[in-house]
Amino acid sequence: MFKAVIGAEKLKDSVESISALVDEAKFRITPDGISVKAVDPANVAMVSFELSKDAFDSFEASEGELGIDLAKLSSIMDMADKTDNIELELDENTHKLVIQMRGLSYTMSLLDPSSIRKEPKVPTLDLPVRIVIRGEDIKRAVKAAEKVSDYMYMGANGDIFFMEAEGDTDKVRVEMAKDQLIDMSSGDARSLFSLDYLTDISKVAGKAPEVTIDIGKDYPLKLKIKIADGHGEVSYMLAPRVETE
Amino acid sequence: MFKAVIGAEKLKDSVESISALVDEAKFRITPDGISVKAVDPANVAMVSFELSKDAFDSFEASEGELGIDLAKLSSIMDMADKTDNIELELDENTHKLVIQMRGLSYTMSLLDPSSIRKEPKVPTLDLPVRIVIRGEDIKRAVKAAEKVSDYMYMGANGDIFFMEAEGDTDKVRVEMAKDQLIDMSSGDARSLFSLDYLTDISKVAGKAPEVTIDIGKDYPLKLKIKIADGHGEVSYMLAPRVETE
Amino acid sequence: MFKAVIGAEKLKDSVESISALVDEAKFRITPDGISVKAVDPANVAMVSFELSKDAFDSFEASEGELGIDLAKLSSIMDMADKTDNIELELDENTHKLVIQMRGLSYTMSLLDPSSIRKEPKVPTLDLPVRIVIRGEDIKRAVKAAEKVSDYMYMGANGDIFFMEAEGDTDKVRVEMAKDQLIDMSSGDARSLFSLDYLTDISKVAGKAPEVTIDIGKDYPLKLKIKIADGHGEVSYMLAPRVETE
Chain A
1003 MFKAVIGAEK LKDSVESISA LVDEAKFRIT PDGISVKAVD PANVAMVSFE
1053 LSKDAFDSFE ASEGELGIDL AKLSSIMDMA DKTDNIELEL DENTHKLVIQ
1103 MRGLSYTMSL LDPSSIRKEP KVPTLDLPVR IVIRGEDIKR AVKAAEKVSD
1153 YMYMGANGDI FFMEAEGDTD KVRVEMAKDQ LIDMSSGDAR SLFSLDYLTD
1203 ISKVAGKAPE VTIDIGKDYP LKLKIKIADG HGEVSYMLAP RVETE
Chain B
1003 MFKAVIGAEK LKDSVESISA LVDEAKFRIT PDGISVKAVD PANVAMVSFE
1053 LSKDAFDSFE ASEGELGIDL AKLSSIMDMA DKTDNIELEL DENTHKLVIQ
1103 MRGLSYTMSL LDPSSIRKEP KVPTLDLPVR IVIRGEDIKR AVKAAEKVSD
1153 YMYMGANGDI FFMEAEGDTD KVRVEMAKDQ LIDMSSGDAR SLFSLDYLTD
1203 ISKVAGKAPE VTIDIGKDYP LKLKIKIADG HGEVSYMLAP RVETE
Chain C
1003 MFKAVIGAEK LKDSVESISA LVDEAKFRIT PDGISVKAVD PANVAMVSFE
1053 LSKDAFDSFE ASEGELGIDL AKLSSIMDMA DKTDNIELEL DENTHKLVIQ
1103 MRGLSYTMSL LDPSSIRKEP KVPTLDLPVR IVIRGEDIKR AVKAAEKVSD
1153 YMYMGANGDI FFMEAEGDTD KVRVEMAKDQ LIDMSSGDAR SLFSLDYLTD
1203 ISKVAGKAPE VTIDIGKDYP LKLKIKIADG HGEVSYMLAP RVETE
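In order, the protein sequence lines correspond to chains A, B and C.
Here the first sequence stands for residues 1003 to 1247, where the numbers follow my numbering.
Here the second sequence stands for residues 1003 to 1247, where the numbers follow my numbering.
Here the third sequence stands for residues 1003 to 1247, where the numbers follow my numbering.
If you are wondering where the hints come from, they were derived from the structure by calculation, not from laboratory data.
Be a bit skeptical, because a hint or two may be false.
Identical copies carry no separate label here, and so any pair may be met within one copy or between two of them.
[Stated by the list, open to error] Only pairs whose alpha carbons sit at most 25 Å apart, straight line, appear in this in silico DSS-like list of lysine-lysine:
no.: 1; residue 1: Lys1084; residue 2: Lys1149
no.: 2; residue 1: Lys1149; residue 2: Lys1039
no.: 3; residue 1: Lys1205; residue 2: Lys1226
no.: 4; residue 1: Lys1005; residue 2: Lys1205
no.: 5; residue 1: Lys1084; residue 2: Lys1205
Treat the numbers as computed from the prediction; the structure is a model and nothing was measured.
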């Protein structure tokens, strides 16, 4: 069984953070909350999402799995006002999810969880440099980088964090010293990432006051954001692009 | 002759309420005001519009008929500020309508009234259930229904008014009890309507604080809105879709 | 050498005023400021732009020429906030322009000035009627004229300034008496201009509190705007369209 009430904005943000990488996902339900692990179709990026039952106004659930069409759920959430409360309830007979908001009831069919791409194993990485940065600073650099290239470097030189993109003729570089960041563990790092993915991720990250980024030398990027007033977390892992020259 | 002055917003709202169903219309002018009756090209919906001379700042007219291209008049009105006064005057020599607003004068050619689809006879219907509802509540239900189907039921079960749409897999239902409505005469009713028409009508209805709806069992819908601070009224009649199964 | 700092909004407005007519331009740099003269590809309109070094927070330059891709510079400026300061510096070694704003550095390649259309000689014209008008009044008339035609008359009858456009069936006319204008030197004038050009120019003029327009009988139009708090000026010259009938 699954029955829960949550603020519309929290649910909206949650759905968006997952749909940055995938169109459909398996929501794993336990008595303690909801979690999602998903990998994008090209196996380049992973999202790991956790929302504690404390993020909900009420939450009752037994173990289960819900196959969710994220675009559809997102379009349903567009009908809600930010301050609405959303009631979610699994109808055990029809195996559909009933979503209620201010007198409007939407009965959404679920996807067969076995038809959804298998959950990835999230590797443990020990990355040398950690940056804590305002989300809007990431978003701005990604938007600038898009003007000149399809790829962007993220790296560190000692106490300097940089994001850089180079096109055929033009170049963009954002440098931030430790004191312009929220926090930084200094070190050396430099990896190249696809802007396709960074753009989608930075749309989510751009709204967060605080984003934690771990980077290395030609290593994956880890990017972590707190959601739902600290009662949840979404983290992305993005494979580096190997430079060919 | 026809010469009148009216607030831009009133004229804008009037034009929009008619153009929800038709692209061109015959405006019937009398010394007492303006009226329009029109039926959509597929003969599914009718609009009946009345604007008393009291809605105007000044109004002088003899009996007459003006063939109006509604899209053009609407695009001219887009140039006006809400608070502008619009002067309308029929040039008897050229038979064109001169529209003036803050020093700008637009001379608009009229359509030949005989080229416009004949005015419908509006049937008298005695419908069992009347609901008075906030316009935004209609609009919200219609937008939700569009996500799952091309048709929407409107109906009543005793003291409950409902709007419902069912797609292949998903379902939307809005229920409102008598005390959530502005007013309701209880009863039983249920008819199916095309969302194509309801969408256009609900764009107009959505702005009205109060919308009066009459429904029955597989009967047409009547939807009535006051306009121009009560000095006018627009009502729509929409044929039900017969269920085939 | 060229090194300067300027408020983002001033630079944005400057770039837009030139790109109303051309996609690329030669920026002539002197120790006293920047100037641009350019003619549109069809040789119908000219722009003459001047920005004094007083418009800059700091300005150091020797004589030189920069070939600028205006669409690219405009898209870079879109990343700046209105209140940002923009640093511009010519890298003498690479001959690229380094544009810096809040820690973000964009290295923009320059165009070969010899590949850019030659600077026009701006003719001296003695036009009989001068109107000083609010920019928004021009913009409104141009938008209205577009609804009926591809051309618009600008003219004067004594103390009346008019803008007029006539289509196959409809007509638009804006008349402004001397006392509705900021200033006017009375006279007689009437020339026809292409709305293609007036539309682009009126987007720039529309933001100016004060626009000076000189007109004659079948003569070019001169339109002048102060920019950068009076430390610069942009003027357009637009050839009349000869009436054929």
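Now the hints, each set against the structure:
For a Cα distance limit of 25 Å, the shortest separation of Lys1084 from Lys1149 across copies, 20 Å, qualifies, whereas the shortest one inside one copy, 33 Å, does not. Taking the shortest alpha-carbon separations for Lys1149 and Lys1039, neither the intra-copy value of 32 Å nor the inter-copy value of 28 Å comes in at or below 25 Å. Only within a single protomer do Lys1205 and Lys1226 lie at most 25 Å apart by alpha-carbon distance; the minimum there is 13 Å, versus 42 Å between protomers. In the homo-oligomer, the alpha carbons of Lys1005 and Lys1205 never lie at most 25 Å apart, since the shortest distance is 30 Å inside one protomer and 35 Å across protomers.
Proximity of Lys1084 and Lys1205 under a CA criterion of 25 Å is satisfied in both settings, with 18 Å inside one chain copy and 22 Å between copies.
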